[in-house]
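**Q** Here are the chains, one letter per residue:
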Amino acid sequence: GENVEQHPSTLSVQEGDSAVIKCTYSDSASNYFPWYKQELGKRPQLIIDIRSNVGEKKDQRIAVTLNKTAKHFSLHITETQPEDSAVYFCAASIPMFSGGYNKLIFGAGTRLAVHP
Amino acid sequence: DTGVSQNPRHKITKRGQNVTFRCDPISEHNRLYWYRQTLGQGPEFLTYFQNEAQLEKSRLLSDRFSAERPKGSFSTLEIQRTEQGDSAMYLCASSSGLAGANTQYFGPGTRLTVL
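Protein sequence lines, in the order shown, are assigned to chains A and B. Residue numbering for the first sequence is 1 to 116, as defined by my numbering. Residue numbering for the second sequence is 1001 to 1115, as defined by my numbering.
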């Protein structure tokens, strides 16, 4: 079935520490894996994404790794800052009828708190 | 603002009433998605439009829900005979139809409260 599991559900770190959030997906046809950050009362904002033809992607303090064999992907935030505090969602694409386009299946989210 | 917009931002209604929400996607995007998000959960896919055609509907979308995108631009989501379980944030997202362009951009959502 279509399922994305995300762990942990909450994560508390000290400013400057690293944070890692892990997700697993079930559909082997998934080929696109975005990460969204959602602050309280605001829209989900894309922070990084990765496609299945690469194993790692980095953008400044944020990196994502993908293991297609194990169906795992992870978000790594280094040198965390208080403004990183938010809920983070992973997602995996699921091809829809006749292909060519995808819907996203989201994890349940990780509430990250970065303490000064 | 050239991002996805949604109206209204908040809607409070009584059980049994009908409600309609509007989504205006990014202007050049031909793909439009509706999601529902409940507290403490990730967004759940409801339906997908490519231009004016509704190509996919989730099993979550009961027959009380209907969505349209009549001219391939804005979309509406209507819920008839609302129930308390319909209370949620309804999010709209859009993406480009360009090959390989999967990125979905979300609107601010409409928060529905059914009393």
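Just so you know, the hints here were simulated from the structure itself, not pulled from any lab data. None of these values were measured; they are calculated from a predicted model. For every residue, glycine included, the Cβ atom is placed at its ideal position computed from N, Cα and C. Please note: incorrect hints may appear among the correct ones.
As the list claims (entries may be wrong) - Partial pick of chain A residues on the chain B-facing surface, computed with a CB cut under 8 Å: (1) Tyr-32; (2) Pro-34; (3) Lys-37; (4) Lys-42; (5) Arg-43; (6) Leu-46; (7) Asp-49; (8) Ser-93; (9) Pro-95; (10) Met-96; (11) Tyr-101; (12) Asn-102; (13) Phe-106; (14) Gly-107; (15) Ala-108; (16) Gly-109.
What the hints assert, rightly or not - Quick list of in silico lysine-lysine cross-link-like pairs, BS3-like style, CA-CA up to 30 Å: (17) B/Lys-1057 <-> A/Lys-71; (18) A/Lys-103 <-> B/Lys-1071; (19) B/Lys-1011 <-> A/Lys-42; (20) A/Lys-57 <-> B/Lys-1071; (21) A/Lys-57 <-> B/Lys-1014; (22) B/Lys-1057 <-> A/Lys-42; (23) B/Lys-1014 <-> A/Lys-22; (24) A/Lys-68 <-> A/Lys-37; (25) A/Lys-103 <-> B/Lys-1011; (26) A/Lys-103 <-> B/Lys-1057; (27) A/Lys-42 <-> B/Lys-1071; (28) A/Lys-58 <-> A/Lys-68; (29) B/Lys-1014 <-> A/Lys-68; (30) A/Lys-42 <-> B/Lys-1014; (31) A/Lys-42 <-> A/Lys-57.
Stated by the list, open to error - Chain B residues, not near chain A, derived (Cβ > 10 Å throughout): (32) Val-1004; (33) Glu-1056; (34) Asp-1063; (35) Lys-1071; (36) Glu-1078; (37) Thr-1113.
**Q** Confirm or reject each hint.
**A** Hints and how they fare:
With a least beta-carbon distance of about 5 Å to chain B, the hint placing A/Tyr-32 at the interface is held under the 8 Å criterion. Of the supplied interface hints, the one on A/Pro-34 holds, with its beta-carbon coming within about 7 Å of a beta-carbon of chain B, less than 8 Å. Because the beta carbon of A/Lys-37 sits about 11 Å from the nearest beta carbon in chain B, more than 8 Å, this interface hint is broken. With a least beta-carbon distance of about 7 Å to chain B, the hint placing A/Lys-42 at the interface is held under the 8 Å criterion.
A least Cβ separation of about 4 Å between A/Arg-43 and chain B falls short of the 8 Å threshold, and the interface hint therefore holds. Interface hint status for A/Leu-46: upheld, as the beta-carbon distance to the closest one in chain B is roughly 6 Å, under 8 Å. Interface hint status for A/Asp-49: upheld, as the beta-carbon distance to the closest one in chain B is roughly 7 Å, under 8 Å. For A/Ser-93, the interface hint holds, since its Cβ comes within 8 Å of a Cβ in chain B; the closest pair sits about 6 Å apart.
Taking 8 Å as the C-beta contact cut-off toward chain B, the hint placing A/Pro-95 at the interface is violated, the least distance being around 10 Å. The closest approach between the C-beta of A/Met-96 and any C-beta of chain B is roughly 5 Å, which is under the 8 Å cut-off, so the hint is satisfied. Restraint check, A/Tyr-101 versus chain B: the minimum CB separation of about 6 Å is within 8 Å; hint holds. Among the interface hints, the one on A/Asn-102 holds; its C-beta lies about 6 Å from the nearest C-beta in chain B, closer than the 8 Å criterion.
Evaluation of the A/Phe-106 hint against chain B yields a held restraint, the C-beta minimum of about 3 Å falling below 8 Å. Taken as an interface hint, A/Gly-107 checks out: its beta carbon lies about 5 Å from the nearest beta carbon of chain B, inside 8 Å. With 8 Å as the threshold, the beta carbon of A/Ala-108 comes within range of chain B, its nearest partner Cβ sitting at about 6 Å, so the hint holds. Contact between A/Gly-109 and chain B, as hinted, is supported at the beta carbon level, the nearest pair being about 5 Å apart and thus within 8 Å.
For the proposed pair B/Lys-1057 and A/Lys-71, the alpha carbon gap of about 26 Å is at most 30 Å, so the pair holds. For the hint pairing A/Lys-103 with B/Lys-1071, the CA-to-CA distance comes to about 22 Å; that is within 30 Å, so the pair holds. Between B/Lys-1011 and A/Lys-42 the CA atoms are separated by roughly 16 Å; this keeps the pair inside 30 Å, and the hint holds. As the CA atoms of A/Lys-57 and B/Lys-1071 are separated by approximately 38 Å, the hinted pair breaks the 30 Å bound.
Distance hint between A/Lys-57 and B/Lys-1014 is unfulfilled; the C-alpha atoms sit about 47 Å from each other, more than 30 Å. Distance hint between B/Lys-1057 and A/Lys-42 is fulfilled; the C-alpha atoms sit about 25 Å from each other, no more than 30 Å. Among the hinted pairs, B/Lys-1014 with A/Lys-22 is inconsistent with the structure: their alpha-carbon atoms are about 40 Å apart, more than 30 Å. Of the supplied pair hints, the one linking A/Lys-68 and A/Lys-37 holds, its CA atoms being roughly 23 Å apart against a limit of 30 Å.
Proximity of A/Lys-103 to B/Lys-1011 is assessed by CA-CA distance (about 26 Å); at most 30 Å being required, the pair is judged to hold. Among the hinted pairs, A/Lys-103 with B/Lys-1057 is consistent with the structure: their alpha-carbon atoms are about 10 Å apart, no more than 30 Å. Between the alpha carbons of A/Lys-42 and B/Lys-1071 the distance comes to roughly 28 Å, so the proposed pair stays at or under 30 Å and holds. For the hint pairing A/Lys-58 with A/Lys-68, the CA-to-CA distance comes to about 18 Å; that is within 30 Å, so the pair holds.
A C-alpha spacing of about 47 Å is found between B/Lys-1014 and A/Lys-68, which places the hinted pair above 30 Å, so the restraint is violated. At most 30 Å may separate the alpha-carbon atoms for a hinted pair to count; A/Lys-42 and B/Lys-1014 meet this at roughly 25 Å. The hinted pair formed by A/Lys-42 and A/Lys-57 meets the criterion: a straight-line CA distance of about 26 Å does not exceed 30 Å. With a closest Cβ-Cβ approach of about 8 Å to chain A, B/Val-1004 is found to fall inside the 10 Å limit, against its non-interface label.
Some Cβ of chain A comes within 10 Å of the Cβ of B/Glu-1056; the nearest lies about 5 Å off, and the non-interface call is violated. At roughly 20 Å from the closest C-beta of chain A, the C-beta of B/Asp-1063 stays outside 10 Å, upholding its exclusion from the interface. Here B/Lys-1071 stays apart from chain A, with its beta-carbon at least about 20 Å from theirs, past the 10 Å limit. At roughly 21 Å, the least C-beta separation between B/Glu-1078 and chain A is larger than 10 Å, which holds for a residue marked as non-interface.
No Cβ of chain A approaches the Cβ of B/Thr-1113 within 10 Å, the least distance being about 14 Å, so the stated non-interface status holds.
In the structure shown, a violation is registered for the earlier hints numbered 3, 9, 20, 21, 23, 29, 32 and 33, in ascending order.
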